[in-house]
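Chemist: Spelled out from the first residue to the last, the chains are:
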Amino acid sequence: MTTSNVTIDEAGSEERPLLEIRDLAISFQTANGEFQAVKNAHLTIMPGETVAIVGESGSGKSTTALAAIGLLPANGRVSGGQILLDGEDISHAPERRMIELRGNTIGMVPQDPMSNLNPVWKIGYQVRETLRANGKPNAPADVARVLGEAGLPDSARRAKQYPHEFSGGMRQRALIAIGLSCQPRLLIADEPTSALDVTVQRQILDHLDTMTTELGTAVLLITHDLGLAAERADKVVVMYRGNVVEAGPSLELLRNPQHPYTQRLVASAPSLASRRIQAAKAEGIQTEELLAPTEAVEEKALPDDVLKVEGLTKVFKLRSGVGKAADFTAVDNVSFNVKRGTTTAIVGESGSGKSTVAQMVLNLLAPTSGRIVFDGVDTSTLNSREIFKFRRRVQPIFQDPYGSLDPMYNIFRTIEEPLRTHKIGDKASREKKVRELLDQVALPQSTMQRYPNELSGGQRQRVAIARALALDPEVIICDEAVSALDVLVQAQVLNLLAELQSNLGLTYLFITHDLAVVRQIADHVCVMQKGKLVETGSTDDVFDAPQQDYTKALLNAIPGASLMLPPAVA
Amino acid sequence: MIQYILRRLLQVIPVFLGTTLLVYFMVFALPGDPIRALFGDRPPSEAVIAALRRQYNLDQPFWVQYGLFLKNLFTFNLGVDFTGQPIAATLGRIFPVTAMLAVEALAIQAVFGVAFGLIAGLRKGKLFDSTVLVASLVVIAVPTFVLGFVLQLVVGVQLGWAKPTVGANADWGTLILPATVLGLVSFAYVLRLTRASVIENMNADYVRTATAKGLSRPRVVLAHILRNSMIPVVTYLGANLGGLMGGAIVTEGIFNVPGVGQKLYQAVIRSEGPTVVAIVSVLVLVFVAANLLVDLLYAWLDPRIRYEK
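As given, the protein sequences belong to chains A and B, one line each in that order.
For what it's worth, the numbering used here labels the leading residue of the first sequence as -6, then goes sequentially.
For what it's worth, the numbering used here labels the leading residue of the second sequence as 24, then goes sequentially.
These aren't lab readings, by the way, just hints derived from the structure by calculation.
From a predicted model like this one, the values you see are computed outputs, not experimental measurements.
Each residue gets a CB set at the ideal place from its N, CA and C atoms; glycine is no exception.
Among the hints, a few may not be true.
Unchecked claim - Interface residues of chain A toward chain B, partial, derived using beta-carbon atoms under 10 Å:
1) MET91
2) GLU93
3) THR98
4) MET101
5) GLN104
6) GLU122
7) ALA126
Said to hold, decoys possible - SDA-like, lysine to any residue: derived pairs with alpha carbons at most 25 Å apart:
8) LYS153/A to ILE254/B
9) LYS147/B to PRO66/A
10) LYS149/B to GLN22/A
11) LYS115/A to ALA246/B
12) LYS147/B to LEU64/A
13) LYS523/A to PHE321/A
14) LYS115/A to LEU319/B
15) LYS426/A to GLU492/A
16) LYS115/A to ARG250/B
17) LYS147/B to GLN22/A
18) LYS115/A to TRP323/B
19) LYS149/B to ALA24/A
20) LYS147/B to ILE92/A
21) LYS149/B to MET91/A
22) LYS186/B to VAL208/B
23) LYS115/A to TYR321/B
24) LYS115/A to THR258/B
25) LYS149/B to GLY69/A
26) LYS94/B to LEU44/B
27) LYS149/B to ARG89/A
28) LYS149/B to ASN25/A
29) LYS94/B to LEU308/B
30) LYS153/A to ASN224/B
31) LYS115/A to PRO241/B
32) LYS147/B to ARG89/A
33) LYS115/A to ILE222/B
34) LYS153/A to TYR321/B
35) LYS147/B to ARG70/A
36) LYS115/A to TYR27/B
37) LYS115/A to ASP318/B
Unchecked claim - Now the in silico label distances, taken between C-beta atoms and shown as ranges:
38) SER160/A to GLY148/B: 34 to 40 Å
39) THR167/B to ARG150/A: 49 to 55 Å
40) VAL126/B to SER160/A: 40 to 46 Å
Chain A with its partners taken away, still in its complex shape (with noise of 0.2 Å):
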């Protein structure tokens, strides 16, 4: 048996690391042929303690972490290096080892609640398998209990629920309940709350912190989120193409970071890089260079409302129960103006009625009451043809660039098509538009003959971004328009919007349930909360003196709240 090092940065340590991993080297067999996913992997866990991987996606964090749990796809294989469990070399473990492992000795809490509990077995089924399988009690009491100890209520009768009843956060806190039920010694955490609302990401960290800590269970963090990784582990380590390229503790990874790739992960992680903001202003630092620059438009005349919004309702029909139909308010009673040439945020979590707004200011969606007028007209006065010319005039851009991208139409039909239904220009026009669309999104020019599944989704959303302007529209709306991007790449999404905002004069309304996002691109905000609007007001008002609870617990909600960061940036 191999007896491992000491670790050289943990000084006076004489404990053995509950997981070493060595040179570790990971590779998938595809068509392409043999494809290195992780070249060059190092880290170390000590008992109890808890150890955050970074990086973006396709950095190998939640490769390496699926091989010490020895869940790689069948695909994968470890092709170098050691994983040690408490000193014995688990890389090419038999399965029947692995088994035995698994549950009770390594734990784990998967990314996606949605995806990640069978939807056709009862929640308590599916924690007591697990406690039957691991060989502990498994009694309805004993389900009850463990799904108890995760924070969930009522927990008795909430076993007997299937997923499809249970919330994002607590179908969470059953597999928090499921990956702890065992009390492992080691729970490999992958992004397990990068799902959820902020304020409800926030409780379930706290939660998973507290019961780590009592049952002395060391973590296995793997995030894309550098502010949450610093705030909730000992450790840092950060991937990047495969290799560990910086590792070391936390905060002084953060302060003081060594490689480029991480100095440039600490400068544009929009969590972090709000709380610089907020630093700097405190200490009476001018934040310009901080701030994406959107103040330069100021400048223009006609600040006026582009955009009303008054006394918005929205009511829809929930059927429930035999014959009888309930109202669910989803919007109540909202009204902002949006200034022309100006940013404003609509910031709340899922079910907050954001994106049912959204839907109704882009006329997809008939108000229950309520107006919305747009440059002096009321939008719900328009015939077809009017709203035809106002759709021109008012583009979308929608989270998800791989779902709202048509996967059969090459990049130029794509961008192209806004154009051609509203008759604009001839062939030749249209394709040189097309081009200037591309140059002004930053894209090849030879993107055109690509097809969407051939982008990443940086590329993609610049290209949604391109459609979008295709027809010179006044005002944009964002609906969580940079949620489904890694953090570098969402930071040149923002900024390429505070460009071309600048360039072309836009008004954007932002639909996010970002509140670091918001930081970085509004001026103003309205805070949206169970259909209702609880603030609203300059970005710096809200963020510096927030007025309500709400506002208070989201600003809160923000990983990394609790470290303090020099104002200055590199």
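Starting from the known structure of chain A, arrange chain B on it as the hints suggest.
Modeler: Chain B only, in chain A's frame:
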């Protein structure tokens, strides 16, 4: 739930009336005179023909004939066919045989289709998978009558493992050959459907989570892959049961099975309206029941589906 079932059962009434009317009309519109056709080359006197016509109400206009048929139906008097046999007795003789054949065929295709499909799916791209895929394609491509005659000749006559024909006294054992032939074609579809569904499900996140929980491989496969993969398969099997009950004219013909398919064929050839419609009426009920059963099974397999109204 009970409301849902009741509502579904009420839907049977218009479906039943519509199909019987349509079938009755089609038989009515068939060219030729069924009474004359009965006698072949030596026609009887016009008086006899007229009497027979009166007896079977063939001298009445279409709507009267259909009305009389309905009246008889609701008084549970299906009447006699052209050979003088009571239709009710005929139905009582042919349906059990076809039901046995259908259930046996369904069992064969379900058991083997799901088992082979599961293994092929789990071993996607391996030798077993490729072999099974090619073999199933061959089975789909070969027409039933070729398959039927070949099996009859080889297994029934040359090897003598099973009775080559069924004859009057059909039971589970004698029906094994026709049931195999009947089951084989859909077996290939069940196999492919199961395989595709398994491949889709085995890469699902919850399967990985199940493995991460420390479950053994057989448990992961049975509780998390197979159960979820059964949803489309059950739908197909249920719909297929209706089809099998309709009688397989070719298969029943080859193996001389005295079932629905054979009888229906004869009745259509003789333009025996009452017999055809009586058989079709029972089939309509079977179809509706099979579909209802599938929908209920569906809700049981997938708790996300709930029938509220």
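Chemist: Looking back at the numbered hints, which does the structure fail to meet, lowest number first?
Modeler: none
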